[in-house]
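Sequences listed follow chains A and B, in order.
Reminder that position 264 of the first sequence reads as 272 in my numbering, one-by-one numbering, no gaps.
Reminder that position 146 of the second sequence reads as 154 in my numbering, one-by-one numbering, no gaps.
Just so you know, the hints here were simulated from the structure itself, not pulled from any lab data.
A couple of the hints might just be wrong.
Claimed, not checked - Per the computed footprint, the stretches of chain B lying under chain A, defined by three or more beta-carbons under 8 Å from a beta-carbon of chain A, are:
(1) 139–152
(2) 213–219
(3) 230–244
To be verified - A few chain A residues that face chain B, going by a derived Cβ cut-off under 7 Å, partial list only:
(4) Gln127
(5) Tyr220
(6) Ala252
(7) Ile261
(8) Gly268
Claimed, not checked - Anything over 12 Å on all C-beta distances counts as not near chain B; from chain A, calculated:
(9) Thr49
(10) Lys134
(11) Ser154
(12) Glu215
(13) Asp216
(14) Gln217
All C-beta atoms in this analysis are idealised placements derived from N, C-alpha and C, irrespective of residue type, glycine included.
Now for the letters of each chain:
Protein chains: 2
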Amino acid sequence: MLKVPEHQVAGRQAIDGKLGPLIDNSGHFYKPLQDDDERGTRELTFYHSFSSNTRIPHHIRRFFPVFHGTQLLKASDGSGLRPHLVLQDITSDHLNPSILDIKIGSRTWYLEASNDYIQNCFHRDKTTTTVSLGFRICGLQIYNESGFWKPGRKLVRNFTADDVRSVLRKFVSSNVGPEPDCCFADSVYGGCDGILERLLELKTWFEDQTMYHFRSCSVLLLFDKESFLRGKTPFAEVKLIDFAHVVDGNGVIDHNFLGGLCSFIKFVSQVLADSKGSTMEDKF
Amino acid sequence: MLKVPEHQVAGRQAIDGKLGPLIDNSGHFYKPLQDDDERGTRELTFYHSFSSNTRIPHHIRRFFPVFHGTQLLKASDGSGLRPHLVLQDITSDHLNPSILDIKIGSRTWYLEASNDYIQNCFHRDKTTTTVSLGFRICGLQIYNESGFWKPGRKLVRNFTADDVRSVLRKFVSSNVGPEPDCCFADSVYGGCDGILERLLELKTWFEDQTMYHFRSCSVLLLFDKESFLRGKTPFAEVKLIDFAHVVDGNGVIDHNFLGGLCSFIKFVSQVLADSKGSTMEDKF
Numbered sequence: 009m010l011k012v013p014e015h016q017v018a019g020r021q022a023i024d025g026k027l028g029p030l031i032d033n034s035g036h037f038y039k040p041l042q043d044d045d046e047r048g049t050r051e052l053t054f055y056h057s058f059s060s061n062t063r064i065p066h067h068i069r070r071f072f073p074v075f076h077g078t079q080l081l082k083a084s085d086g087s088g089l090r091p092h093l094v095l096q097d098i099t100s101d102h103l104n105p106s107i108l109d110i111k112i113g114s115r116t117w118y119l120e121a122s123n124d125y126i127q128n129c130f131h132r133d134k135t136t137t138t139v140s141l142g143f144r145i146c147g148l149q150i151y152n153e154s155g156f157w158k159p160g161r162k163l164v165r166n167f168t169a170d171d172v173r174s175v176l177r178k179f180v181s182s183n184v185g186p187e188p189d190c191c192f193a194d195s196v197y198g199g200c201d202g203i204l205e206r207l208l209e210l211k212t213w214f215e216d217q218t219m220y221h222f223r224s225c226s227v228l229l230l231f232d233k234e235s236f237l238r239g240k241t242p243f244a245e246v247k248l249i250d251f252a253h254v255v256d257g258n259g260v261i262d263h264n265f266l267g268g269l270c271s272f273i274k275f276v277s278q279v280l281a282d283s284k285g286s287t288m289e290d291k292f
Numbered sequence: 009m010l011k012v013p014e015h016q017v018a019g020r021q022a023i024d025g026k027l028g029p030l031i032d033n034s035g036h037f038y039k040p041l042q043d044d045d046e047r048g049t050r051e052l053t054f055y056h057s058f059s060s061n062t063r064i065p066h067h068i069r070r071f072f073p074v075f076h077g078t079q080l081l082k083a084s085d086g087s088g089l090r091p092h093l094v095l096q097d098i099t100s101d102h103l104n105p106s107i108l109d110i111k112i113g114s115r116t117w118y119l120e121a122s123n124d125y126i127q128n129c130f131h132r133d134k135t136t137t138t139v140s141l142g143f144r145i146c147g148l149q150i151y152n153e154s155g156f157w158k159p160g161r162k163l164v165r166n167f168t169a170d171d172v173r174s175v176l177r178k179f180v181s182s183n184v185g186p187e188p189d190c191c192f193a194d195s196v197y198g199g200c201d202g203i204l205e206r207l208l209e210l211k212t213w214f215e216d217q218t219m220y221h222f223r224s225c226s227v228l229l230l231f232d233k234e235s236f237l238r239g240k241t242p243f244a245e246v247k248l249i250d251f252a253h254v255v256d257g258n259g260v261i262d263h264n265f266l267g268g269l270c271s272f273i274k275f276v277s278q279v280l281a282d283s284k285g286s287t288m289e290d291k292f
């Protein structure tokens, strides 16, 4: 029984007869390979290379969805059988996950791409926070008492630096109103199991690895309030997704991803520090 | 007695009746303010802001040339009196300095610049190692028995990743031929007074500081074989120069500079590691 993913916050969706990913009830995510461009092939090549690469440390492999090969499936757009990547559905363990999808890097294009692709990316990068912040939020959903807050694509695309700060506060708050309480900041962003620690682990790897350049790749932050309240581990996760534009590192570190990641880490650190500051103010 | 700097490896030079910097015999470097664009004003604004900024740690201030204000001087192009920045001449303590000028960042343009400027930079960045490596060598001179090896601008502009590796090896060798011996690598790049340690200090600051974005700024590596042989400290230095395109950080880290710096650090580390490897091979 395949169905449309409930918690997809960005990317092409399998709705209105369009081609998009599907999930099943046993924790699999099926991503269709497209035949109109090289993306699908590139992503498949990456998963094959990465899953057999013995130089990937175990603690780094955890950041990536598990790859189960490919499978021929009926495509969501009714076009018949089509090969799909079979991946781990990283939301399947979570009941009501709050999710942030952040595309990392101050540049989404790469020298190997076509001129049209470069020009499109260049324009999009300049008119979003990609150039200024080194990353942009591509999609999100934040769970609260009244359900999910899931702003539309156009709104997300126009996010400013202040909007990004506000979203990072709302992500760890019990409310999504104009004054988020950041009551989960310490547990979700802080501590040795927190998101900040995971991001720093990732940073250390990116300072060293020269195998892959992750162009247009996203960091996904997942946080599940109910798992947290039930004491489940992990209640917060960091995953990397979208490898359709991964290119060979050629012995150079991915300075574009690393720079953007460091900028994002600084944003998260600031929200964490501010939330500690305000807790202190509340106390005294 | 003003004269043309002997050890300038990049930038506009005060030769053939052109406007360029001058030096004196007491360790000052005079950089003319230009009236045809905003660069001079921007650089002066930066030096004023930086020299009075109490949030700059002492160990970071050492990376910047000392600023002594401005002075009206006869310009090198014969156009009469013109204001000049009065800076520390960072080569004055060195007899025969080997110098590398490395423009850091995978992007030299910035959103505040004119469209023409952005397009020019964008083209230059793609056709040099700026985009691929996150930095480019802008100029160099390497001292050896037969004098200075100082390749022309056109040659330097066409440097590939392999050329960069080769230059980093020659910089710390007694010879500049096709098989550099890297005999100074350990002392110049390694150790607690070495260049790598300085670059890592700089990196730590860039992971945190959100005051300035250093667009089109260079890291200058200086190394003086004679100072080294005489046991003089420091015989190797790291300096930042060229602040005509520094813009406000607006609370965001300079992820562009940081990413490029990390990539450059990796290149230097690799040369250091390889030289240790080859020394081991020589020994056994």
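Which earlier hints can't be squared with this structure?
3, 4, 5, 6, 10, 12, 13 and 14
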